[in-house]
Amino acid sequence: MPQPLELKSRRLSAEGLTGWEGKPYFAHPDLIAAANAALTLEMPLLLTGEAGCGKTDFAFAAASGLAGDDRHGPATGTPLQCYVRSDSRARDLLYHYDALRRFGDAHFGGEEGSSRAGEPRNYLHLEDLGKALVFPYLRVVLIDEVDKAPRDLPNDLLRELDQGSFEIREIPVGTAEPPREVEVGKPETYRHTMARPEGAPKPLMILTSNVERQLPNPFLRRCIFFHITFPGTDSLRKILASHLAELGEGPGELFLDRAVEVFEVLRAVPSLAKKPATSELICWAKALDALYHAEGVLSRLELFTRKQVGSGSSMNLPWKRLPALGCLIKLREDLHRLGAVGA
Amino acid sequence: MEVPLQQSSSGGKAPTLAAFLDEVGHHFQLGVRERLAVETLLREWQADQRGGELRGAIVSLLAQDHKSWQEIANLWDLHFPIDSDTQSGEEGDAPPRGLLRLSQRTERAKPSRSPRTHVRRAVALGLVGGLIFVYGAGLRIWWLERNLSPESPIVSIPRPLPLPDLVASYRPVPIEGAVSTEILEPPPPSPGMLALLAVASTFLLALGIHLHRLPAIVGGSRQQALEHRRKEGHAKRVDWEERRRDAGLPLEISYRVDRFPAVSKKAILDSAQPLGRIFREERSDDLDVDRTLDRTVRRAGMFSPVLLSRQLREEVLVLIDREEGDYPWLGPFRRLVAAWAALGVTLRVYEMEGGYSFEEVDPRNPEGEDFGSDLLTLDPLTRRTRGLPLIFFSRHLDPVARKKASPWLQALPNWPRRAWLDPDPLPWKELRPAHRAVIEGWEREGLRRFPLTGDGIVRLAWYLAGRPPGRATEVSLLPLAEERPAAGSGNSTEEALRLWGLAAALVPDPTWDQLEAIRRHFPEIRETLSENRYVQRLLQWMAREMGAPRRDLSQDRRLEISREVEDTLIREQRALDEALPWEERFETRARRLLLQQLAPTRPEDRLDAGWWEFKQTMHLAVLRDEAAQRRLKGYLQGPWAPEAAPKVLAELDRQEGGSTTEVWPQEIREELRAEVDPALARQRPLRFGDFRWGRFRDYVFLLTASAMGGVFLFGLTGLLSPILGAHYSVTRNTSVEQTLWRLEEEERQFLKGGIEWITIDGGEFQMGSETGGRDEVPVHSVTVPTFLLSRTEVTVAQYKLCQAKNGCEEYEKPPLGFLTKECNWDQEGREDHPMNCISWSKARTFAAWAGGRLPTEAEWEFAARSRGKPREYPWGDEPADCDRAVIPSTEGAGCGEGHTLPVCSRSRGNSEQGLCDMAGNVWEWVEDDWQGNYEGAPADGSVPRHSGHPSRVIRGGSWWYYPRSARAAFRYRRSPSSRSDDLGFRVARSKPLALDPLDPRQEEGSSEEAP
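If you read the protein sequences in the order shown, they are chains Y and E. Just so it is clear: in the first sequence, position 57 is 57 by the working numbering, and no numbers are missing. Just so it is clear: in the second sequence, position 40 is 40 by the working numbering, and no numbers are missing.
Quick caveat, the hints were computed from the structure, so don't treat them as lab data. Some hints could be false.
[As the list claims (entries may be wrong)] Restraint-style ranges between C-beta atoms, simulated for each label pair: (1) 898/E / 309/Y: 46 to 54 Å; (2) 66/E / 185/Y: 36 to 44 Å; (3) 101/Y / 309/E: 43 to 51 Å; (4) 407/E / 108/Y: 46 to 54 Å; (5) 78/E / 253/Y: 35 to 43 Å; (6) 178/Y / 70/E: 44 to 52 Å.
Glycine included, every Cβ here is placed at the ideal spot set by N, Cα and C.
Please model the complete structure; the sequences and the hints are all you need to start from.
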């Protein structure tokens, strides 16, 4: 059995974070501070921000950052992920109880089945949030797009988030408690009140939300809140460079500058229904890199620099001529707005 | 037990974090939870040396959305300006200075209860009154001045002289003898305007007072501030409870109380029996063989089963109107339902909200979580429960007044046996008329009313069961038998109520369950007030005690007891119990009970734990536990201060206010008192103006409030003055003619005085120069009497005016020639250039029209030497250049311009008396004839020399002639008819301008006579 670790305060640092698929992640210092506050206070971290600004990615980054220490045990480098749907309930995030199978076992499973059916623990399966809550070492658990969930879900989770323990109703109170500590993946150790071993750290819960819907107040009060703003030019450039570096010797500095500038000009077009996000930028830059000649692309990109915009509107640029525009603009109405749809 | 904020005692300065948190608390919700979290963060990170991240961490902790994040970050930056060495996100920095402490303790509290409070109060009141008076009186005077003053501009007087191209402004001057004083009635105030004014100012004043700063400034009254804080604390707590309820957590802050059903056990048993024996007939599964054979097989020749009937126990439908949630009687009634269910009565319980949606709940656990059922509307409810006996529990679902209840009324016949359980257990006589009307309305609809008392419940049960109770008496309906408190006179009832109220006040803000637990605990209360329903009496009593008899306290979820009442009750009880030994006193026993009700273990939640600890400490401290008394201090410094400080202060006041029993030792009291004031000062309600004006806001507010009062006073005096018969005396100029005449003179003076006269005081001087030309000798002494000289050379505009007024003849430009190229007449933009190309006689004509003459040569030189000083130029001996005079320079004539320049363009070259262009610009005609030298020149400078020479003297140099000719002593000559473009003139006057009235006609005449 893994020993609970004596960790006084764990912390993230901005350097060397790697996000999804091992790409480097560049975090704002304030975001790191917020995450560290969440770690210290053992409160959930709520991230909001535009789509594609790296909310989800930060969970991976945080997991990678915290996994730097070997003592934390295996497989902590990736976060446990809970994806909520519009019909998710709080319990769905914690554990799954297969009532149907138990019923089946009890009635049609023969002797072996009915003896197994006598034990509800055999039909329990911990979901990711539940796992994280009972893990003996620090885990990062990502609850993605929590605003998509029914309004009750955040409220229902309050207690679990506060106390870091949860109850399995299917295991009746008062049944003999298993002698061992709770261990993930071993149902025989499960009990009515599931809690992590004493002294073990509470998982770092990272909740993400698009700012579409206001979350309930009591919930907000229990969270550390941070809004990830869209990356600035320098960050975009860094991100792009790191993503393109793997394609070979890496693109020229000029190409990076131009690509980021054109991207920002495009984002500045007023009243775009869906502004392109970082992922679109990367995809577009890769497409340019792979499909076009470097010189041709550069000269084409010259058409869309800030200088070209001048005092006019960025909307009036000949966007139709931008190579691989489809990587950036996904909506037909936006294409219309940019005059990029052929007659 | 852990006292919050231990580290607050460490030294150092800059308690800015507390200030920051307070400020954040003003703008956003900032509760104990947040303060605790900040504290933890500081403690943990202090050891870690993680100063640089604090900003991001704390702001993220306090914020709830992007907007508030930025606002809080701004507040942070305001409080902790970024030092050069503290960059956010950098590691290893020293923690920001002063962040080590959460509470501020360095300033010693100024004792706010100074003996001079009332003096200050009087001074402040006087100040406010004075300001109001000043504002009001000032406004009134201003208003009268504006409306009555005869000095208001007279614009209707026609211009005495036609002046086509001249804009002149006139100001009538009062003339002695033309002034009279008369008494005026003030213009009648417009009542509508004044009324509006009065209403507006009253509103503003009321607003000012409502913003509860005015009384606090004026009085510094601590009692008011206390009461306000208490209310705020209560509001905060209600808010907190709401959030807790949202989160599905239990509501008690710290007291665990047994909960009892609404009526006694006996009544429950008595009512459960009939309720459990309501049956209905139903067909069973058994075939009634005889009847089947008889009715169907034999008669119709086919088999159609007829089933046997059987008796089934009927369910009882209970409808609970839960309104918004938890009102006082709801819990006890739910428990009654649970007790019935436990006794085997089959119930179907629905809770309804607003008469529209119904939710089924578990009868055995009606207070528990939801039963897992969906919400029903009225229709499916009636379909499912049609025919069941109905117990309808509601406070005031009014069938008459509320239109909303109408679908209800139509649904009522679905339940043939129905009864209304009215939770208001007052006897019929004491019910409010409105409530009686509701009752009667329901009775008309066939819904019998039973009060929620033991008796009422039993009657209801028998009514539904359709059989009378044991004895064969009718179920008596309206009016019900009057119920009185079981034993004792009214006096003992009063006494019991007082004790009950006191124990409740110690809680304070007890829930109804808490009240019931208290009642049951003390025999002296229990024996007199034997049933739960007497809570209603307590509410009435408390409402009377708090001076709010009209308010129905049973609308609340808690009994909110004001601090004053709490204080009075405790003081009274202490005075009463003084003779008793400590242990037997009621307050001691009550506090013991409360301590006992406090859960024995510390709650896990830190928030709960804080409340719990404080309550325990406070009770223990009053119960003479010394350790607890010491601990109290910690709460005055921590996040609980706003709640704790008023309580401690009240207790201190009680102990020092005459009670003979000493509860707390002297030194503890002193220590606590020193802590209370800063604790109170730290939390202050958000006020108007907090966002601007900084620390001066109080004064700004004082001023504005006084101004409001002033406006009010102004309106008031405006209304009163006609009634009081006030008169206003006014000085008025009655002689219009004289005014007109005077105006004319002013204008004449203006016309001629387009010329600015400068008085040159007379004196003796040496005329001529030894170093100049031959014509400047011999130097001789001349005496010049006082005279006036025009400040500037006569300008084109001035000459034009003369011509327009027929003072001068029509001017004709000389034909173009060598010296007439740059004539200024009729040249665009040269109105203020000197008049040139003008002959000596024309110059004299102008001078006469302007009321003067040409200067003599001696006068001219005297003026050019700045009153005869021995110098070369008006400014001294420095040679002339283009800084000081308009003369030819290396760039060409006229300082490179090639013509004259506007007069006074070289003010550095002015004479000491302010004369412009004495050197340069244009030559100036003087009166004298030319003479080769000064031989035989007169000693009186006012006499021109007439030698008979055909030329006239010109002086002062020009834009075109040698720079040296600009010397004061330099002489030159021209023929009087010469009209060159570098020759102009200025005018002189012998005597000062007469200020006595002149006859305009005479003057006009004289100017016409001039050649």
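Consistency of beta-carbon spacing, residue 309/Y to residue 898/E, with hint 46 to 54 Å: 52 Å, holds
Please check whether residue 66/E and residue 185/Y have a Cβ separation lying inside 36 to 44 Å. Holds, since residue 66/E and residue 185/Y (Cβ atoms, about 40 Å apart) stay within the stated range.
Could you check the hint for me, namely that residue 101/Y and residue 309/E are 43 to 51 Å apart, CB to CB? 45 Å, holds
For the pair residue 78/E and residue 253/Y, does the Cβ-Cβ distance stay inside 35 to 43 Å? 40 Å, holds
Residue 407/E versus residue 108/Y beta-carbon gap, inside 46 to 54 Å or not: 50 Å, holds
Okay, residue 178/Y versus residue 70/E on CB: inside 44 to 52 Å? Taking Cβ atoms as reference, residue 178/Y and residue 70/E lie about 50 Å apart, which means the hint holds.
Against the hints set out earlier in the document, no violation occurs for any number.
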